[in-house]
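Listed below, chain by chain, are the residues.
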Amino acid sequence: MAKSTAPGLKLDSKTPAGKMSEKWEEYKGHVPLVSPNNKRRIDVIIVGSGLAGASAAASLGELGYNVKVFTFHDSPRRAHSIAAQGGINAAKNYRNDGDSVYRLFYDTIKGGDYRAREANVHRLAEASTLIIDQCVAQGVPFAREYGGLLDNRSFGGTQVSRTFYARGQTGQQLLIGAYQALSRQVQLGAVELYNRHEMLDVVVVDGKCRGIIARNLLTGELERHAAHAVVLCTGGYGNVFYLSTNAMMSNTTAAWRAHRRGAFFGNPCYTQIHPTCIPVSGDYQSKLTLMSESLRNDGRVWVPKRAEDRLKDPRQIAEEDRDYYLERRYPAFGNLVPRDIASRAAKVACDEGLGVGKSGLAVYLDFADAIKRFGKETVEARYGNLFEMYEKITGDNPYEVPMRIYPAVHYTMGGLWVDYDLMTTVPGLYAAGEANFSDHGANRLGASALMQGLADGYFVLPYTMGTYLSNEIRTGAISTQTPEFEQVEKEVRDRINHLMGLGGKQSVESFHRRLGKIMWDKCGMARNAKGLEEAIGEIRELRAEFWRDAFVPGRTDEYNPELEKAWRVADFLELGELMCQDALHRNESCGGHFREEYQTPEGEAQRDDDKFMYVAAWEWKGENEKAALHKEPLEYEEVKVTQRSYK
Amino acid sequence: MRLTLKIWRQGGQYKGEFVTYQLPDVNPDMSFLEMLDVLNEQLVNRREEPVAFEHDCREGICGTCSLVIDGRAHGPMKGTTTCQVHMRHYHDGDTIVIEPFRARSFPVVKDLVVDRSSFDRIIQSGGYVSVNTGQAQDANAIPVEKEQASHAFDAAACIGCGACVAACPNASAMLFTSAKVSHLALLPQGQVERQKRVLAMVAQMDKEGFGKCSNVKACEAECPKDISVQNIARMNREYLSAVFASDKAMV
Chain L
1401 MAKSTAPGLK LDSKTPAGKM SEKWEEYKGH VPLVSPNNKR RIDVIIVGSG LAGASAAASL
1461 GELGYNVKVF TFHDSPRRAH SIAAQGGINA AKNYRNDGDS VYRLFYDTIK GGDYRAREAN
1521 VHRLAEASTL IIDQCVAQGV PFAREYGGLL DNRSFGGTQV SRTFYARGQT GQQLLIGAYQ
1581 ALSRQVQLGA VELYNRHEML DVVVVDGKCR GIIARNLLTG ELERHAAHAV VLCTGGYGNV
1641 FYLSTNAMMS NTTAAWRAHR RGAFFGNPCY TQIHPTCIPV SGDYQSKLTL MSESLRNDGR
1701 VWVPKRAEDR LKDPRQIAEE DRDYYLERRY PAFGNLVPRD IASRAAKVAC DEGLGVGKSG
1761 LAVYLDFADA IKRFGKETVE ARYGNLFEMY EKITGDNPYE VPMRIYPAVH YTMGGLWVDY
1821 DLMTTVPGLY AAGEANFSDH GANRLGASAL MQGLADGYFV LPYTMGTYLS NEIRTGAIST
1881 QTPEFEQVEK EVRDRINHLM GLGGKQSVES FHRRLGKIMW DKCGMARNAK GLEEAIGEIR
1941 ELRAEFWRDA FVPGRTDEYN PELEKAWRVA DFLELGELMC QDALHRNESC GGHFREEYQT
2001 PEGEAQRDDD KFMYVAAWEW KGENEKAALH KEPLEYEEVK VTQRSYK
Chain W
7 MRLTLKIWRQ GGQYKGEFVT YQLPDVNPDM SFLEMLDVLN EQLVNRREEP VAFEHDCREG
67 ICGTCSLVID GRAHGPMKGT TTCQVHMRHY HDGDTIVIEP FRARSFPVVK DLVVDRSSFD
127 RIIQSGGYVS VNTGQAQDAN AIPVEKEQAS HAFDAAACIG CGACVAACPN ASAMLFTSAK
187 VSHLALLPQG QVERQKRVLA MVAQMDKEGF GKCSNVKACE AECPKDISVQ NIARMNREYL
247 SAVFASDKAM V
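Sequence order for the protein chains is L and W.
If you read the first sequence in the numbering used here, its first letter stands for residue 1401, the second for the next number, and so on.
If you read the second sequence in the numbering used here, its first letter stands for residue 7, the second for the next number, and so on.
Quick caveat, the hints were computed from the structure, so don't treat them as lab data.
Small disclaimer: the values here were computed from a predicted structure and weren't measured.
Note that CB positions come from ideal geometry on N, CA and C, so glycine has one too.
Mixed in with the good hints, there may be bad ones.
20 Å max Cα-Cα, derived SDA-like pairs, lysine to any residue [as the list claims (entries may be wrong)]:
1) W/Lys152 with L/Arg1495
2) L/Lys1965 with W/Gln48
3) W/Lys152 with L/Arg1544
4) L/Lys1608 with L/Lys2021
5) W/Lys84 with L/Phe1787
6) L/Lys1414 with L/His1430
7) L/Lys1792 with W/His97
8) L/Lys1772 with L/Arg1722
9) L/Lys1758 with W/Asn33
Facing chain W, a subset of chain L residues (Cβ under 10 Å, in silico) [as the list claims (entries may be wrong)]:
10) Ile1482
11) Ala1490
12) Tyr1546
13) Gln1572
14) Thr1645
15) Met1648
16) Leu1690
17) Phe1859
With the sequences and hints as input, model every part of the structure.
In structure tokens, the structure reads:
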């Protein structure tokens, strides 16, 4: 177990001193190095093979460390980063439209509603330009102009065009680039790949993370793997809501198990609800599909002004009977307001009874004007694959009829608390990409998730891990034949046997669905104290019922997806409670966290900077115990904190 | 609507056989995989073992889902992965036969799940540009003609699902391998290792036991990302010129 800390203790972010724009350069100039012959004696475990994991593994392998990569997928290329559509931000200023590192930094801080750590965000903006260079050198086929140079588009929450894209498949192309770099290191023998292996716990020895217990998903065997450092690149926890745009297997297990071993969980209540997703169509629904935010560049969002027009053919509704509510409420940014604002505005419209379609939980995203202005061909070139996907799922043709969209859970800004080095509160245990909490504050801007994953993996961890690993060169190989490994393996085995032996009557899936409903209704787009208190009680009851009445078929010693799901859902049932607890304690609204009690007369989020300008980092205290709150105060040296406005 | 499913079961209590299931109430708006979710929920409630099948993103991009539906890889619709097939394309009373992707180089793991790690090894053999982190020049220092970039993208759109192998009577991996060879051969970044790459990847492909190409073109027809067989022609050209240019040809 990691050291226990006194509640209320202020966390040290280890942010370097100096001017904001010089901190990272300064840090890099003084970070302790590990010499090439010593790197060979250092083992690093990377869990997850998405943008953060694959890029970190490739880069650390290139440096000469012994790297092992674990993924529960059949191939590292399947990681959920692959599904990102719209693009990746970088302060290249190739458009000459006034962009700069500072402006990307500023937009990200403001977009995050002043709840992110400035130094991390500045570093992210600095790394952004290097990412584009690296990816192009790998052969990532970004969109280009006729002159052969790179094209850009604009995204929500910014007034410059800094988003690089590869049709509607930017995540796929970036991930394949990182996967290929990783594959090269596998071929060179620097990285060892463990496909179809799921990390089920971390092992802490004398206060340091020294390895993991992984389950071979084909044989069910539990394996011990030791290392001098472990990096969790295991993505976000949006699937706690059951319905989300996350892939079906995305889960919180690695992060949650680390949390239970001493890693604090940062801002768990900060979840991003993406405004443009295909609405729910029925009870059987397994996931929601996102339509890229880039669509808001040319699509206009509206609802009918009168409730009686809700079910009318939208093409028959006259211009003056439509409410283009984003353009009306936010004239400066119009349809390109940040995600949290666009989502909430859609909810407000639907709450007022103006939502369209049978469920009344949808708004229109209309391309008629864009088609009139640019022609169908141009619109097709920009969004063809998205339109096709929409038609496949809904059966409607968006060239003819406006799309129907509704917000859905998409991303989690919260995650394991990390310091400037991306190290958690357990020494030697790192978290990168969506798995950490670090860069997006209370709301993430579009096209910034890919940027963060790759910045962490390619350009941050290879430097910052040296700070810790330079002290490990004399440690020597770490044995897995120790009481600590034995104990953790036993706990994992006991939990698996417990799950397999439950013998109840209800499917794991049904518990997940019920948890999701509680979370969406009471810890979703809008929250209030009463609902959150109820949710905590309901989740506790549901968790008890799960351990009483769930049923897991099959055996432990074989490929058993139901067992995998059961373990993950059991972890979600614990995380959900912490999210509600965090949302309940944060008596303010900020970014994706909207507490109904705290809003301006116009219905905008009302922050309370005096009381809540800190990162809430929660310490695990045991099952059915209340987690302990620690605070990392956020001090803004560079950006002047104001009320966020997109009007 | 009412459907009859004939599903290949293998592993556990099943030696390898088709098992018939009835689904009395399928909603036409469901996706194909949601229909299988409903079946599995029923099986679990009856204390039977659910059908193992692979899936993840359910948006047609991760390449995980992998079913042969009524004899066709990824089912009846062109340019569509299994997860994007919706039940509105079926009719009340239909019988649907569901099998795994079948190929010697894709051994069955369980029921409808196969092992496609051979694809990883083909990429590992050379499907990349050798550039370490930090070695890159400014991105705009490498201009790429727009149309050329677009062709490279068309090849790079491959999701590595393996439908091409499942569709091919020879279980050939030529479309998959040639898509990566083409993607990189069409870009200036890929030129330095162009010849080495194609030789290594073809050698690995053969080593994995995939069959030869006999120009059936079923791969292109079933590819969910419409990868063209022109890539195979390009790879053959690349391979021949690499063989002639290499020392091996002189021996």
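Legend entry - Hint numbers not upheld by this structure, sorted from lowest to highest: none
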